[in-house]
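> Residue numbers (our numbering), protein chains in the order written: chain A, 104 to 309; chain B, -12 to 81.
It is worth saying that the hints were derived from the structure and are not from the lab.
Just so you know, even glycine gets a beta-carbon here, dropped at the ideal spot from N, CA and C.
A portion of the hints provided could be inaccurate.
[Claimed, not checked] The following residues of chain A were derived to be distant from chain B, with all beta-carbon distances above 10 Å:
{"id": "1", "residue": "MET104"}
{"id": "2", "residue": "ALA116"}
{"id": "3", "residue": "ALA138"}
{"id": "4", "residue": "GLY149"}
{"id": "5", "residue": "LEU159"}
{"id": "6", "residue": "GLY176"}
{"id": "7", "residue": "THR185"}
{"id": "8", "residue": "LYS192"}
{"id": "9", "residue": "HIS194"}
{"id": "10", "residue": "LEU196"}
{"id": "11", "residue": "TRP201"}
{"id": "12", "residue": "SER202"}
{"id": "13", "residue": "THR263"}
{"id": "14", "residue": "ASP296"}
[As the list claims (entries may be wrong)] With a Cα cut of at most 30 Å, we get these calculated BS3-like pairs of lysine-lysine:
{"id": "15", "chain 1": "A", "residue 1": "LYS183", "chain 2": "B", "residue 2": "LYS30"}
{"id": "16", "chain 1": "B", "residue 1": "LYS30", "chain 2": "A", "residue 2": "LYS148"}
{"id": "17", "chain 1": "A", "residue 1": "LYS188", "chain 2": "B", "residue 2": "LYS(-7)"}
{"id": "18", "chain 1": "A", "residue 1": "LYS148", "chain 2": "A", "residue 2": "LYS257"}
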Amino acid sequence: MIRLPVLVERSIADSEVARTEVAEAFKAEVLSHAAEMGSHLSCRKGCSNCCYHPVLMTLLEGLTLYKWLHENGLWTNALKETLKKTARKTHNLPFEVWSLGLIPCPLLDDNGLCKAYEARPFSCRITYSTGDPKNCHPHSLGPGMFPKSAAFEKLTAAETPILRRHHLVHFRLPLAASVLYGELIAQGGLDLDDCQTALWKAPDGI
Amino acid sequence: MESDPKCLVCGRGTPRNDSRIIVLTTEEKATIANPLDEYVYCKPCWNVLSDPNSGPALISGIAQHHLRRLGVLNAEELAQRFRSALTSRAIRRS
């Protein structure tokens, strides 16, 4: 069990509540839209077309995901190595190149399933398709996934004051880098209240 | 002062000393139409391009989009074949 300062634990819990509330409201919106259009969600277990798209998250979300992986016995040397490789590859990478390069999510297993599905990032929780799932593949030019920018805007508004408690500006990092920073913070190698400058550096330090 | 060259993949300016710059030989230039004097890639894009998995995926993905825009009906199949060929070459080289 990882023990963090009470104020950090409080912020982790508050940000998780915000993510859950926004994600649930968004799901209701998508379902209502699909019903109006006479369609339904086409997302199915084992389809991993969306797992090659960029996923960004705040440091608090990275910390939450690291804690979950650690507490569920999934934090292994192999996973850490995969996260490091992905962090190096996705650092400062334009989203289009990331998608077209089909860089898999480091949490995707060989069967096309998410190793951390229960604790999956907010960006993944609000990913829905109501059309042909083939269109979600990054090489496809089809309509693909349901637009999620409105949900991100709502989450940003909710997360910003929580991040400010720790002198952090609202800033999202690629999943791999964020989880590795989460480990560093959880293991005492970096202070959450004093890490803004570290976030701008190359991922060599993680 | 000379401005930074632009990365051929993402189009961002990239300092010469932090880029991968490829200059083709005369023989290589003879095999392609309108060759450039040099091919400049920024570090992040080069990391993807030089990887034996993501490099062929990126090149074939771009090819698939171009083929689709040109109205080629079997763009996906052609891009897949192109990717397989690039991947096997990349694996042989690595």
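> None of the hints should be skipped; say for each whether it holds.
Going through the hints against the structure:
| no. | hint | result |
| --- | --- | --- |
| 1 | MET104 | holds, 37 Å |
| 2 | ALA116 | holds, 35 Å |
| 3 | ALA138 | holds, 31 Å |
| 4 | GLY149 | holds, 20 Å |
| 5 | LEU159 | holds, 15 Å |
| 6 | GLY176 | holds, 28 Å |
| 7 | THR185 | holds, 13 Å |
| 8 | LYS192 | violated, 5 Å |
| 9 | HIS194 | violated, 6 Å |
| 10 | LEU196 | violated, 4 Å |
| 11 | TRP201 | violated, 8 Å |
| 12 | SER202 | violated, 8 Å |
| 13 | THR263 | holds, 28 Å |
| 14 | ASP296 | holds, 30 Å |
| 15 | A:LYS183 - B:LYS30 | holds, 23 Å |
| 16 | B:LYS30 - A:LYS148 | violated, 36 Å |
| 17 | A:LYS188 - B:LYS(-7) | holds, 26 Å |
| 18 | A:LYS148 - A:LYS257 | holds, 27 Å |
Violation of the numbered hints given earlier is confined to hints 8, 9, 10, 11, 12 and 16; the remaining hints are satisfied by the structure.
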